[in-house]
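Engineer: Could you put the whole structure together from the sequences, leaning on the hints where they help?
If you read the protein sequences in the order shown, they are chains F and W. Note that the first sequence covers residues 1 to 300 in my numbering. Note that the second sequence covers residues 1 to 344 in my numbering.
Hints are supplied without guarantee of correctness; some may be wrong.
[To be verified] On the chain F side, residues computed to face chain W include the following (Cβ under 10 Å):
1. V196
2. S202
3. R213
4. P217
5. R299
Calculated directly from the structure, the hints in this document are not laboratory data. Beta carbons: idealized from backbone N, C-alpha and C, even for Gly.
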Amino acid sequence: MPTMTSTPPNTPPAPNNHASQRSQRQTQRRIRRAARATGRPLTRSSSVGLGIAMIWFSALALLPLSAIVLTTVENGWEKFWGTITAPQTLAALTLTTSTALLVTAFNVVMGTAIAWVLVRDKFFGKRLLEVVIDIPFALPTIVAGLVLLSLYGPGSPLGVNIANTRIAVGLAFLFVTLPFVVRTVQPVLADLDKDVEEAAASLGASRATIFRRIILPSLAPAMTAGAALSFARGISEYGALVLLSGNLPMNTEVGSVRILSYLENGDNAAAAAVATMLLMVSLAVIVALDLVQRRVARRG
Amino acid sequence: MSIEARNVSKRFGDFVALDDVSVSIPTGRLTALLGPSGGGKSTLLRIIAGLETADSGSVHIAGDDATSLPPQRRNVGFVFQHYAAFKHLSVARNVAFGLEIRKTSKEETAERVNELLDLVHLRQFADRLPSQLSGGQRQRMALARALAVQPRVLLLDEPFGALDAKVRKELRDWLRRLHDEIPVTTVFVTHDQEEALEVADDIVVINEGRVEQIGSPSALYDQPANEFVMGFLGPATRLGSELVRPHDIHIVSDLPPEEGFYPGVVARAARVGYEVRVDVILDDSLQSSPVHVTMSRAEAHPLKLDVGSRVWLRKPAGATALPLGVDAANAPHPGAGPIAHYTI
Numbered sequence: 001m002p003t004m005t006s007t008p009p010n011t012p013p014a015p016n017n018h019a020s021q022r023s024q025r026q027t028q029r030r031i032r033r034a035a036r037a038t039g040r041p042l043t044r045s046s047s048v049g050l051g052i053a054m055i056w057f058s059a060l061a062l063l064p065l066s067a068i069v070l071t072t073v074e075n076g077w078e079k080f081w082g083t084i085t086a087p088q089t090l091a092a093l094t095l096t097t098s099t100a101l102l103v104t105a106f107n108v109v110m111g112t113a114i115a116w117v118l119v120r121d122k123f124f125g126k127r128l129l130e131v132v133i134d135i136p137f138a139l140p141t142i143v144a145g146l147v148l149l150s151l152y153g154p155g156s157p158l159g160v161n162i163a164n165t166r167i168a169v170g171l172a173f174l175f176v177t178l179p180f181v182v183r184t185v186q187p188v189l190a191d192l193d194k195d196v197e198e199a200a201a202s203l204g205a206s207r208a209t210i211f212r213r214i215i216l217p218s219l220a221p222a223m224t225a226g227a228a229l230s231f232a233r234g235i236s237e238y239g240a241l242v243l244l245s246g247n248l249p250m251n252t253e254v255g256s257v258r259i260l261s262y263l264e265n266g267d268n269a270a271a272a273a274v275a276t277m278l279l280m281v282s283l284a285v286i287v288a289l290d291l292v293q294r295r296v297a298r299r300g
Numbered sequence: 001m002s003i004e005a006r007n008v009s010k011r012f013g014d015f016v017a018l019d020d021v022s023v024s025i026p027t028g029r030l031t032a033l034l035g036p037s038g039g040g041k042s043t044l045l046r047i048i049a050g051l052e053t054a055d056s057g058s059v060h061i062a063g064d065d066a067t068s069l070p071p072q073r074r075n076v077g078f079v080f081q082h083y084a085a086f087k088h089l090s091v092a093r094n095v096a097f098g099l100e101i102r103k104t105s106k107e108e109t110a111e112r113v114n115e116l117l118d119l120v121h122l123r124q125f126a127d128r129l130p131s132q133l134s135g136g137q138r139q140r141m142a143l144a145r146a147l148a149v150q151p152r153v154l155l156l157d158e159p160f161g162a163l164d165a166k167v168r169k170e171l172r173d174w175l176r177r178l179h180d181e182i183p184v185t186t187v188f189v190t191h192d193q194e195e196a197l198e199v200a201d202d203i204v205v206i207n208e209g210r211v212e213q214i215g216s217p218s219a220l221y222d223q224p225a226n227e228f229v230m231g232f233l234g235p236a237t238r239l240g241s242e243l244v245r246p247h248d249i250h251i252v253s254d255l256p257p258e259e260g261f262y263p264g265v266v267a268r269a270a271r272v273g274y275e276v277r278v279d280v281i282l283d284d285s286l287q288s289s290p291v292h293v294t295m296s297r298a299e300a301h302p303l304k305l306d307v308g309s310r311v312w313l314r315k316p317a318g319a320t321a322l323p324l325g326v327d328a329a330n331a332p333h334p335g336a337g338p339i340a341h342y343t344i
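Structural biologist: Have a look at this one:
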């Protein structure tokens, strides 16, 4: 029992002694909070594990990210605000964010549909499709950019020329983010109990209702995880779109291209400001997705 | 008749799950489909519910032809072995699901859900998630959910199969009482003969895709149509040219004055709880396998049975016995008229 308690635990506090009552209540709350936070003391092996995880995480992610944010902070609010509200940068950020959002929404629908087909249907070439889905993961993005340029650029064998348009940006995003939702939804879908759907059917639920009220809530966390990955990947994409989009300022230029041109001009502070903004947008979208997911998962 | 399945056949690839099965389930009764795993009983239940389609044959529910109806329109309640709970919904909303689908008003739904939760003793758990319930509680929730839509028939697929022995027994008694309270036509699948004998009004024994016998628990136990039914519903042992129940065999340790006793030697005597199990090797060279005999301790005590003791065995008049070599093919058609009595 911490020394905070002013009355012994079993003695009822004197009626007028509000301060003592309050302090006791606070102590109890603190104990409860501490118990919730730590659970029980770490064992030796889990301490070591946690330590390694933290060092690894810090070296790979936390330090670089803090360095970017720190650079931004060092250069002050004026610089940050000035950079991201500069018309060219703002246009690039808006294009990047809106395209990534659009592509993510599309991926959630298409990715779930592809996962559904892969899990529930049997067809010729299914194994092949399984492999092909992952190719965007494996291909260096600049190669992807080259392929897209030769297919959908000037002199396209398909007769489709979308070079130097915003559609090119969307297409490049779609290409590199395709596997995320498929790969997050697929295992969850495969693990779903058929029983549950049969139970809903025998209670009178139509196929659409079963999907909306039974399957969707179970898939929501996986769809959200895939969407978050897909959005974060899209917003930071460079290689796949840089060739096809033409990087026209105020038109098809994206955030990552902006960062590169700031760096090339030696303006590290501005580059850090754009990067920080992209980080913040990603964070906001991931949090928002999580909130939506919680609602869907509980609704049914 | 509430459920009429006529000439139902179903194959899964090469495996014949059901082979021309016809069953009539009477209204308001509790019927067990009993048989070994893989015998086709679950398939029959799923065909009745519309979760599986028969290759041939027809299903009528409450007089309507339901053969080609989807499960949504059959109005049957189905309870699964592994509960099939809607994990993201509270207990109350699980039970309300079918009513919400039917666009029942909010007040009526709430009222009905409360009634059902009282019935299955889960009122205080209404707001919990299924994951916070024990197995037995989850199954009661599943039962309430199935009953909520006032189904014409209630189908339970090995409802207690996933529960531990004690809970299974409790739930089994409770199901019997529940059925006496709400006499909805109920069919449950089980591979546990004790469960079927204890709970059911009628038993349909299914094996290898065919109906072996239909009847009341005592009829099946006392007058089995064939060796399979005899062996599946309780212990059976060979005595001479007949199959008999081990507890029916009359055993004496002094040379009996009458005829009809088989002489033999005790090969093993073991006490298991309240009963004594004895294996006897007959002198008759026709039977090499030992005869299993069970009796109470009180009966065994004066006989002083030890390994090597000489004993005489007899099947008393009126005991259940089946001449060996009678199988389903030459047995009278199950369910058709009175079952032949094999008692002597």
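Engineer: Against this structure, judge whether each hint is valid.
Structural biologist: Each hint tested on the structure:
| no. | hint | result |
| --- | --- | --- |
| 1 | V196 | holds, 5 Å |
| 2 | S202 | holds, 4 Å |
| 3 | R213 | holds, 8 Å |
| 4 | P217 | holds, 4 Å |
| 5 | R299 | holds, 8 Å |
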